[in-house]
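Going down the list, the sequences are from chains X, F, E, V, D, W, S and A.
Residues 1 to 264 (this note's numbering) make up the first sequence, in order.
Residues 265 to 528 (this note's numbering) make up the second sequence, in order.
Residues 529 to 792 (this note's numbering) make up the third sequence, in order.
Residues 793 to 1056 (this note's numbering) make up the fourth sequence, in order.
Residues 1057 to 1124 (this note's numbering) make up the fifth sequence, in order.
Residues 1125 to 1192 (this note's numbering) make up the sixth sequence, in order.
Residues 1193 to 1260 (this note's numbering) make up the seventh sequence, in order.
Residues 1261 to 1328 (this note's numbering) make up the eighth sequence, in order.
No lab work stands behind these hints, which were simulated from the structure alone.
Treat the hints with care, since some could be wrong.
[As the list claims (entries may be wrong)] The following residues of chain D were derived to be distant from chain F, with all beta-carbon distances above 10 angstroms:
hint : residue
1    : VAL1083
2    : ALA1084
3    : GLY1096
4    : ARG1101
[Claimed, not checked] Just a few of them, taken from the derived set where beta-carbon distance is under 7 angstroms, the chain E residues facing chain S:
hint : residue
5    : SER582
6    : LEU703
7    : THR778
8    : ALA784
[Said to hold, decoys possible] Some chain D residues judged to face chain X by a derived CB distance under 7 angstroms, without partners named:
hint : residue
9    : VAL1090
10   : PRO1105
11   : THR1107
Every value quoted in this text rests on a predicted model; they were computed, and no experiment measured them.
Even glycine gets a Cβ: it sits at the ideal position worked out from N, Cα and C.
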Amino acid sequence: MSVSDPLRIANREFGSRLILGTGGFANHELLARACEESRAELCTVALRRLDPASRGSILDVLQAAGVEVLPNTAGCFTARDAVVTAHLAREAFETDWIKLEVIGDDRTLLPDAVELVAAAEELVGDGFVVLPYTTDDPVLARRLEDVGCVAVMPLGSPIGSGMGIRNPYNISIILEQSEVPVILDAGVGTASDAALAMELGCDAVLCASAISRAHDPAAMARAIRLAVDAGRLARGAGRIPRRRYAQASTPEAGMADLDASLGA
Amino acid sequence: MSVSDPLRIANREFGSRLILGTGGFANHELLARACEESRAELCTVALRRLDPASRGSILDVLQAAGVEVLPNTAGCFTARDAVVTAHLAREAFETDWIKLEVIGDDRTLLPDAVELVAAAEELVGDGFVVLPYTTDDPVLARRLEDVGCVAVMPLGSPIGSGMGIRNPYNISIILEQSEVPVILDAGVGTASDAALAMELGCDAVLCASAISRAHDPAAMARAIRLAVDAGRLARGAGRIPRRRYAQASTPEAGMADLDASLGA
Amino acid sequence: MSVSDPLRIANREFGSRLILGTGGFANHELLARACEESRAELCTVALRRLDPASRGSILDVLQAAGVEVLPNTAGCFTARDAVVTAHLAREAFETDWIKLEVIGDDRTLLPDAVELVAAAEELVGDGFVVLPYTTDDPVLARRLEDVGCVAVMPLGSPIGSGMGIRNPYNISIILEQSEVPVILDAGVGTASDAALAMELGCDAVLCASAISRAHDPAAMARAIRLAVDAGRLARGAGRIPRRRYAQASTPEAGMADLDASLGA
Amino acid sequence: MSVSDPLRIANREFGSRLILGTGGFANHELLARACEESRAELCTVALRRLDPASRGSILDVLQAAGVEVLPNTAGCFTARDAVVTAHLAREAFETDWIKLEVIGDDRTLLPDAVELVAAAEELVGDGFVVLPYTTDDPVLARRLEDVGCVAVMPLGSPIGSGMGIRNPYNISIILEQSEVPVILDAGVGTASDAALAMELGCDAVLCASAISRAHDPAAMARAIRLAVDAGRLARGAGRIPRRRYAQASTPEAGMADLDASLGA
Amino acid sequence: MNVTVNGQPRELPAGATVANVVDLLDVAPEARGVAVALDGEVVTRSRWPATELREGALVEVVAAIGGG
Amino acid sequence: MNVTVNGQPRELPAGATVANVVDLLDVAPEARGVAVALDGEVVTRSRWPATELREGALVEVVAAIGGG
Amino acid sequence: MNVTVNGQPRELPAGATVANVVDLLDVAPEARGVAVALDGEVVTRSRWPATELREGALVEVVAAIGGG
Amino acid sequence: MNVTVNGQPRELPAGATVANVVDLLDVAPEARGVAVALDGEVVTRSRWPATELREGALVEVVAAIGGG
């Protein structure tokens, strides 16, 4: 690994390892500023029923920011809904890339393993470049990789919960086994969570609520961007091992004898 | 708090909130590069018996880097040793500033509360600007502040242990009560530890082993510097609350009805 | 909830809330003693190719101990293998009860969500009373309940890892949603892990390695049995809330004034 | 260590390893029942200004329960107050034993290291058998042992906070170094906290609020008593190591081949 | 002809197409970030003008919004 | 007739039954905790005597062991 | 003579002793769990009757309560 | 005259000063980061030349090193 390596997903390369979720911003201006501070190159968007009253498309904001769009299937509870939504997204955004979400519970918004695998398999067959939002279950992550997903996006904790990475053990097992990029998705609450994800070895981090719902979204975008870089660098720098006892940073040899009782 | 506020300790201001400990570097070249990447403005040094065989003073390295020196009393086990060492440091480095260490145990290098308070009181009386390395005990921190220390430097975990902040609760209690800067000293193992310290509200972080003994000290210096900035920014940006359940980042209203069974 | 309520699974009631896994014991004598100390009423067993050289069946030990047998499908990697194994178990043990395991990875022995649901559904259809070993994924647990499983057995951490409950949050979400008993399976390393499981609200705990591979299995069986009772009682007793600050247990009013300076 | 060894403090032996704090009970009846369920042999009491309106002494309750009294110096903020209070206690309860508390902060009720050591030293000189309530600082614990305390009573977290053991690392360092009994005091919130304390190697646990302020104090007293026994037994039983990967509890050899495709 | 557009009942002349519906919603034909499903199946943009609706048709016209 | 019993090749006389195989392994017909699969399908105990093996049959005879 | 007993001002006759104060508080002389401090120093029970108070004396009479 | 310099016994002529010891160690008088303690007390640089050692003196000459 070299710290300056680009992130490679499918046939694409990205200089940034922070993907920005665009939901939850109070207005387009805040999104635009967060986009800039995050230095993200990829931003997720969703599809909802067209609202004739709404003026100004989010796509204009993202185009102005020079970022690319990664559509999601947020809100889908069945493989079929997710597959149709992915096809709509391909039409709407002229991209084969899809962040696949198939939710199994509306209180925790956790993915449904069975529907997720079915949808992923079908979408891969339909020629999509599939990045699935998944649990931290290593076996499920491998299945998703096996059916042809180009990345896996395990959660740290539920969407918008800000609880960070509840089970770093599972994330690290996923990292050991995966041959596709692992992108931590959901759960990041603040900068240190993002740094930790990268230190574990994640290839990238996706943040939405942590940034969009912070008191100052642009500042948090900058904070998390720095944290992603910090974590990536720290991973590459080779941290010291954890030790039970202390190890002096100041040499112990050569202490002066300052006890006067021996003198005179 | 403004994120761009300088760090004020006693009558001084610092743009950087990362203090670099200079122990543990394999050579002066690595120290110089870490110094640069850390952007530290203040570096700790120690005193040991002069070694005639050693060529090239660490002070030359630090002068070239444009940083100031903060002498420590590392290795002292009694108030008296620490006080004499502080006076030696004043002579050697022409500064009244002293990072006060009085150690109570050679395996954990934890401070000795009783000797530490005694030494701090005496040194303040002697006109020193005292920054004591202390445990995470809030009552001890307050005593040190009460005897006139200009900052308190609680540990996250033992020196060189890389175990991070073992008891964030105690650090946050110290932060709530302190009217002098709180500098996390000891225990940082990697970037996310430093980010977390700043998110808790620490005013600065001191790192030695985490940087000097990393596989690539310069890279880790840069990582931790970014993490300190990230943590400080994130603190100021107002993070989202931790929630037990999910909060959708994508709006739930406006889902399309894609179930064909109603059609035709 | 009453603490003395029996554990109800399907149409059965059990006084004990500790299920003993019988794998890993050095010999039948140690199993017999652990069985007794655990006061378990239900013990898991497995099926393997008959070894003509082995004398004395584990069933004799369990019969002498007066416990019932819960066969498992350990080692199966596909739904089909698990289903056939369950049918073999029905033949061998004359019971419809089956602890269903379908493993997805031989290093972590984590369950495979997709195969597990398929096997559970088929076995329920075949008239089995199915208790599935599952991940800590709440959506998967609900699916298993939905296809007719009589209990769910989420893991705390991988089998034999002794890492305790890695993600208590997920276990508590499963507990909130489940209408069938939740039995913590896998991960318990020592007594406090079992107590914690019961305090979270689990209906029972299954332990194998924690007991069978302890230095003194009988003592650990007793320890974990006491811990299960302790955790169950503590849950029912209504613990104090966690507080950020102290609350004096000794009243603060009525302190004597022992300062002599006011006197005489 | 033998699990059935009595707890030896100074020249005394106790069969029970749970010490009950008597503060916080709604009435004497609840105290009496908790006392019984706890099987404690030693109960702390405090001294406050005599209230002529109060009828029925707590001492009658404790005498009826057959337990002995361990007076404390709760509420004292200086060494002098604590010393005088200890002398009052000696008069009132005709015992040289004293649970020494010298508090440094009224919000966290954390001990004051400097005053505590001074008071301990003076009381030992006055012939007291001193059991000091202390922080989890290993160096402070050793100082207390060095001045002649017969046990050390480090906190897990602040009195009445129910936050359990915030820094098990520090408690385990205290345990490694101590030649007197280590009694976990303060912080226990529920049964698993007590089990964990004993598993770490503590010699005993003191609980007040966790029991007295539980919804059902008698049930919690029983729960914590079982947990103390469970933790002690588990410590003696030699727990399995924590492993990163799984270790099958069911043997992996001897799996039947159930794949029909080879047959016929 | 009665159809449902984004959950609302609409009356349209016989022979109305998907393109007519999109136009009704004030969407330019070349607008980015818009897609249409008819009875649960996607209708690609090029087929909007030629795709006629039947009585009871279920039309969904979706557009880009912020999402995580 | 060549069959495979618990992974080992065995030669048995034509007409050999599952019961014969079980007997070969020294298992009493009423032994508890034993079951048999033939070519991946369970053979219930009552059918052991009547179930003849074919050339190439895959017989698995399993028994209870300790398991978690 | 004015003294303070448990924080309350009291007027007592000259020559009043610690024992008199204890008695005033309705405490039996042999009551367990009770102790007295006079001007910050403990007065042992046996000296209660003989210990006279001075003007302004600070008397603390303490008793056992539940404590952690 | 026998003294101890940084833990090593040294023989020095009577009347030797701190400045002589520093010179013996090859340290320039104006070298930064160096300080001296004599019998547990600091000797400021300006007093090095005038401070004579006594028999048995304990001299510590310390210099800057990397420290945490």
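Comparing the hints with the structure gives:
1. VAL1083: About 15 angstroms separates VAL1083 of chain D from the closest Cβ of chain F, which puts it past 10 angstroms; holds.
2. ALA1084: Correct as stated: the minimum Cβ-Cβ distance to chain F is 20 angstroms, above 10 angstroms.
3. GLY1096: violated (3 angstroms)
4. ARG1101: holds (16 angstroms)
5. SER582: violated (57 angstroms)
6. LEU703: violated (32 angstroms)
7. THR778: At 4 angstroms from the nearest chain S Cβ, THR778 of chain E passes the 7 angstroms test, so the hint holds.
8. ALA784: holds (4 angstroms)
9. VAL1090: holds (6 angstroms)
10. PRO1105: violated (15 angstroms)
11. THR1107: Since chain X brings no Cβ nearer than about 13 angstroms to THR1107 of chain D, farther than 7 angstroms, the hint is violated.
When each numbered hint is compared with the structure, violations occur for hints 3, 5, 6, 10, 11.
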